[in-house]
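Chemist: Build out the structure end to end from the sequences listed, making use of the hints.
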Amino acid sequence: MSNTLAIARRELSSFFFSPIAYLVMCGFLMLSGLFFMLTVFATGQPAEMRNLFFWMVWILIIVVPAISMRLVSEELRSGTIESLMTSPISDVQVILGKWLGGLMFFVALLATTLSLVFVLALWSQPDYGPVFTGYLGLILVGGLYMAIGTFASVLTRNQIIAFLLTIFLILLLTVVTYFLPRLLPPEWSAAAYYLNVNEQYDDFSKGLIDTSNFVYFISGIALFLVLAVKALESRKWR
Amino acid sequence: MSEHTTPSQHQRWIKYGLNVAVLILATLTIIILVNWMGYRHFQRFDLTRTRQYSLSPQTTNLLQDLDTDITVTTFYSAGSAQSGLLQRVDDLLAEYTRRSTRIDVKHIDPAASPELRDKYITKLKTRYQSELDKASGAFGDVAKTYDAIRQFASGQVQTLPGILVELPASDRTTPLLFKQLVEIFQRLDDSLTNAQKQIESAMKESMPDYQGAVAVARRPLTQLSSGVLDVAVERFQRAVNDPNMPDKAKDALLGLIKPYKDMRLQIQDASGRLDAVETPEYDRVRNSLMQSNCVIVTIPGEQAKEHADETHGVVVLTLDEIYPNLIRAEMTRGEVMPEEGYKGEETITGAILRLTLRHNARVVFINPSPQSVLSGRGNPQISFMQVAERLRRMNFDVDEWQPGGSMGPMGQPMPPQPAPVAEEGETLVYIVLPVPPPNPQRPTQPMGPMIAQAVKAHLDAGQPAMVFAAPSSMMNFGQPDPLVEMIKPYGLTIDTGRLIMRHVPGRNGQLQADNQLILNTWPTDHAISKAASGLQGLMLQAMPIELSSNPPEGEHLWPLIESPADTWADTDYMRPAQATKGEDDPTGPFVVGAAVEKDKLRLIAIADASFAVDGVTQYGPRDLFGNTLFSRFPGNSEVFVNSVYWLAGLDRLIAPGARTQDTRRIDAVSRPAMLAVWWITVAGLPAMCLAAGMIVWVVRRR
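Each protein sequence line maps, in turn, to chains P and L. Residue 205 in our numbering sits at position 100 of the first sequence, and the numbers go up by one each step. Residue 430 in our numbering sits at position 421 of the second sequence, and the numbers go up by one each step.
Some clues are possibly wrong.
Quick list of in silico lysine-lysine cross-link-like pairs, DSS-like style, CA-CA up to 30 Å [what the hints assert, rightly or not]:
| id | chain 1 | residue 1 | chain 2 | residue 2 |
| --- | --- | --- | --- | --- |
| 1 | L | LYS206 | L | LYS188 |
| 2 | L | LYS590 | L | LYS497 |
| 3 | P | LYS341 | L | LYS24 |
| 4 | L | LYS206 | L | LYS270 |
| 5 | L | LYS270 | L | LYS188 |
| 6 | L | LYS24 | P | LYS335 |
The set of hints was computed from the structure by calculation and includes no laboratory data. All figures in this text were calculated on a predicted structure; none of them were measured in a lab.
Modeler: Following this line, the structure appears as structure tokens:
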């Protein structure tokens, strides 16, 4: 566990030392601010962040892969992965540490948007329950996307390819699972809808916590982390 | 000594690859299983402040009090384009089952399980057996009529050629008619057989279309009666009157007229019996089931028999009725206002109440105007259709008494009916609308004293009433409102000479007086108004009510509606915009609505005649068809309906309903503030991040 946390800490600090991370943060805040002003902040509108959360889930499709693309692929490109693999740290610890570091940076990124909640609170009395669940849901969505990104970054030493592969996999879980059910027979379409990340996030944005949504995100994270571990492991026998 | 061989690259691939494949497969299986379990057995926590996605206290109370089993059957196909909506309905129904063991939710997918659908439909059909038996009887009569027609037609095919030879050669039209008649009668058997086959085939369906079958049955009868027999009789008559017609032919033609007329009478009789086939409730249920987009709420059959009303123990709700605007939103992927979320629960709870609520209460609006306040043609500024509809859904009989007479369908004056009186064991709630002051130029019998007398007698009999008052300038001429005078002894004094005003910013930015009062808070002394907590209300012509500080012994007084604190009561209400707050004008908050209870007597006074009119309760954003999406001022309707429940003694129904939700909104943002927020959120905060990044970059470069 301590190894995992050490890797996570190292990842987190490396994010904060990289100007690219600040660029990502700047872009994320700018887009969030824009959608906040366009969809939430207007006289007489309901004092809730639901519309912003809806758009933030879409913004994450670009933002999270931008964070995760360098998690492992950078180590592969620079060759530092070899020293990591020969050190007394297991593959599971490496992947978990990398994922956790990326997620911690993502949470920090998300925390900057709390300034928008503060702005909302200046002109209204928002209901903080849905705000809390909305952020909780975003962390879970971010966690899932980060796990996908970690898996993609293990597969290639090229960050751009890792970035594009992550986006592709995320689009499968968002756009494809949205349109696919319309083409499937009824008994399969419900399952396809279930796979849709936005559908799973919807309850959180309303102020609801549903255990089935939790199960979906946690199991999704677990699946991609297992895949990432196995992909990293395969380097030893390929 | 064994010999070790190093595995080849290919063997390593197979060995480790298989290992990984098996592990990934096992992981996937576990994940699918866990998700399946999570999907089937889940817990939901509503973290919204007003429990927006949980059932309201009113529904919870109702479910706790249920003394009968309720079955709710969803009748739609999963995986349709409206899956989000269906999920919402499923979630809502799951909440009901969690709250009461009396509620059983069943799902029937008519597309996936046609056998289940047919079985359910057959079971449901038995509820309408009495209606359907009458219809089946009518079809039996029609079959007999068809046989009689066949006999008649075959007889005519034999008879007409015999008469044809008697006709004079000069007559060219009658032989032609005979020829046509023979042809028609020869073909008639086929058309009757076809109609019968269509009827039989319709009756064999799991849920027969009775109205469609009636139309099919009627078609040959109508064609024969008006298209053939009427014409034939008229032409025979004309031929008989022809002076050139030989006597023998005349006799033969006269002999034809009677059986034709008899046949016509027999057909009219059968048509009359078909007209009597009325299956409105059954048709509604059938149409909804055929569309496969409904939820059916039922109580057990034996209880449905006890429940001798038109529901037959069944209420069918289409998805459009449950979530009207969500359907549209679903189709356009548009967002809906949070206020619309209440409709699903209100509709389903309303259906359960309709099936289970037993009371013997009736509501009568006492309307001094000849113009109805309950008809569809009503003016929204005076009509009470929305609240009346809500009461009807709660099994109240809602009626109107117009002591001055009413207007007929063509606008003609109708004489007044006698005052309605409560029957034995019945609770009759009078809703007394304000009486206009007497007009000296049109002296008629003053209605005010007559209505006041009727209401007084009603109250003395221990029956409840709600009295509305309107401002009256006659007060200044020493002619007080008789209704207002009548309620004074109960400790309620309405000052009809003053209107409550407040200052609002005018167009030029200066403050001006306004009599429109928006209510954001309600007194919490009584359950009626407490249940409206969080709902916005509106008052247009509010007047102060003074509650007696020394009420008679045993009498209780509660304020139900209060004006905001920054109000005053002004006598210059004819020109409210020009009114100014005088030093002598009393200042708010004022009581505008109050309830009185003494022993069995219950009385409510509301000093605003427009408090519950459609113009206020239905005020809100509208869709393209002009239907109100949701009310901006739901507090008015809620307080009115709760007041009726209280007056009728149904106190248990008074609880925050589904629509009671505190939708918090963003306050007015000035232009400069908006501009500042734009700059800060879209440029300022991101720029700060960028600056931090640049500092880090510069520091690390050093």
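Chemist: Each hint needs a verdict: does it hold in this structure or not?
Modeler: Each hint tested on the structure:
| no. | hint | in the structure |
| --- | --- | --- |
| 1 | L:LYS206 with L:LYS188 | 28 Å, holds |
| 2 | L:LYS590 with L:LYS497 | 27 Å, holds |
| 3 | P:LYS341 with L:LYS24 | 13 Å, holds |
| 4 | L:LYS206 with L:LYS270 | 27 Å, holds |
| 5 | L:LYS270 with L:LYS188 | 20 Å, holds |
| 6 | L:LYS24 with P:LYS335 | 14 Å, holds |
In summary, the structure agrees with every hint in the numbered list given earlier.
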